[in-house]
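Colleague: Just so you know, my numbering puts 58 at position 58 of the sequence shown, and the rest follows in order with no gaps.
Simulated from the structure, these hints should not be mistaken for laboratory data.
Idealized CB from N, CA, C, for every residue including glycine.
The reader is advised that the hints may include incorrect statements.
[To be verified] Calculated lysine-lysine pairs in the BS3-like style (CA-CA distance at most 25 Å, straight line):
#: 1; residue 1: LYS147; residue 2: LYS245
#: 2; residue 1: LYS169; residue 2: LYS120
#: 3; residue 1: LYS224; residue 2: LYS106
[Stated by the list, open to error] Listed next, with one range per pair, are the computed distances between beta-carbon atoms:
#: 4; residue 1: GLU209; residue 2: GLU50; range: 15 to 23 Å
#: 5; residue 1: ASN182; residue 2: GLU80; range: 23 to 31 Å
#: 6; residue 1: LYS147; residue 2: GLY85; range: 22 to 30 Å
#: 7; residue 1: SER95; residue 2: GLU70; range: 23 to 31 Å
#: 8; residue 1: THR45; residue 2: GLU80; range: 18 to 26 Å
#: 9; residue 1: GLU187; residue 2: GLU83; range: 21 to 29 Å
#: 10; residue 1: MET164; residue 2: GLY72; range: 28 to 36 Å
#: 11; residue 1: THR45; residue 2: THR185; range: 22 to 30 Å
#: 12; residue 1: GLU209; residue 2: ASP104; range: 27 to 35 Å
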Amino acid sequence: MKNIFKIAFLVMLVLGCKEAKKEAEETKEMVEETTMSSKADEWTTLFDGESFNGWHEYLKEDVSDNWKIEDGAMVFYPPETRENGNQFNLVSDGSYTDFVLSMDWKIAQNGNSGVMWGVKEIDSLGQPYLTGPEIQVLDNEGHPDGKNGTSHQSGALYDMVSPMKDMTKPVGEWNTMVITINHKTNEGRVELNGETVVEFPVNDPEWGEMVANSKFADWEHFAKYPTGKIALQDHGDGVAYKNIKIKEL
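With the hints as constraints, model all of the structure from the sequences given.
Modeller: Put into structure tokens, the structure is as follows:
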């Protein structure tokens with residue numbers, strides 16, 4: 001009888017250990033899933049509204065006086081004259097591959113600017129648009145580029161994909177723009193003031209076909225770098241950006 005009790009006790013002990021191990025594994029899986037989910041929901045602030053920490057001008061180490069911080073926004077004041085064609089494009093210190101980028105922008109009357117990704121700072125290339133695809137920021141009515149086809153208007157993947165509709169607010173008002181670039185799911189998307197205005201693939205062969213049918217077809221370095229910096233364009237006109245944040249995917 002004692003042996004029977006011993007055997008029963010051992011069986012219960014083994015089963016209890018197995019159950020405890022199973023519960024521990026399930027708990028571990030739940031923690032990992034929660035951690036992954038939390039990480040996916042994490043936003044990183046790219047502009048704190050008070051300094052240019054995290055930014056510099058393209059191929060430079062700092063930020064010139066042409067960019068000011070006013071009321072929590074980066075504001076660009078184009079120079080009256082430019083020495084040797086000097087440019088003042090802002091680029092992020094960090095590089096990104098798959099992300100959601102959110103920001104507010106306000107363009108000056110008759111103004112032109114843009115937001116780029118996949119930008120590489122290469123000494124022989126004087127402009128970020130030589131590497132980085134651009135989402136257009138424009139006064140559609142006032143700037144001449146707005147008359148060069150809808151693929152040159154605000155929210156467009158410049159010279160490649162036109163916005164489905166014009167969702168821009170009047171000049172002088174803030175617009176909220178969200179750009180999604182995800183090579184894992186082959187998804188590119190632009191939301192402007194709460195509406196999706198542009199969708200496009202980001203992987204070949206579809207991406208390569210779009211580039212081949214654009215003005216960028218023969219540009220050696222254009223869109224060749226899935227991982228690159230974010231750029232805010234100096235196109236010679238006043239523009240302001242604020243509430244800039246990014247979520248890596």
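Colleague: All hints are to be evaluated individually against the structure, with a verdict given for each.
Modeller: To see whether the hints hold, each was checked on the structure:
no.: 1; hint: LYS147 - LYS245; result: violated (31 Å)
no.: 2; hint: LYS169 - LYS120; result: violated (31 Å)
no.: 3; hint: LYS224 - LYS106; result: violated (29 Å)
no.: 4; hint: GLU209 - GLU50: 15 to 23 Å; result: violated (44 Å)
no.: 5; hint: ASN182 - GLU80: 23 to 31 Å; result: violated (41 Å)
no.: 6; hint: LYS147 - GLY85: 22 to 30 Å; result: holds (26 Å)
no.: 7; hint: SER95 - GLU70: 23 to 31 Å; result: holds (28 Å)
no.: 8; hint: THR45 - GLU80: 18 to 26 Å; result: violated (33 Å)
no.: 9; hint: GLU187 - GLU83: 21 to 29 Å; result: violated (42 Å)
no.: 10; hint: MET164 - GLY72: 28 to 36 Å; result: holds (31 Å)
no.: 11; hint: THR45 - THR185: 22 to 30 Å; result: holds (25 Å)
no.: 12; hint: GLU209 - ASP104: 27 to 35 Å; result: holds (33 Å)
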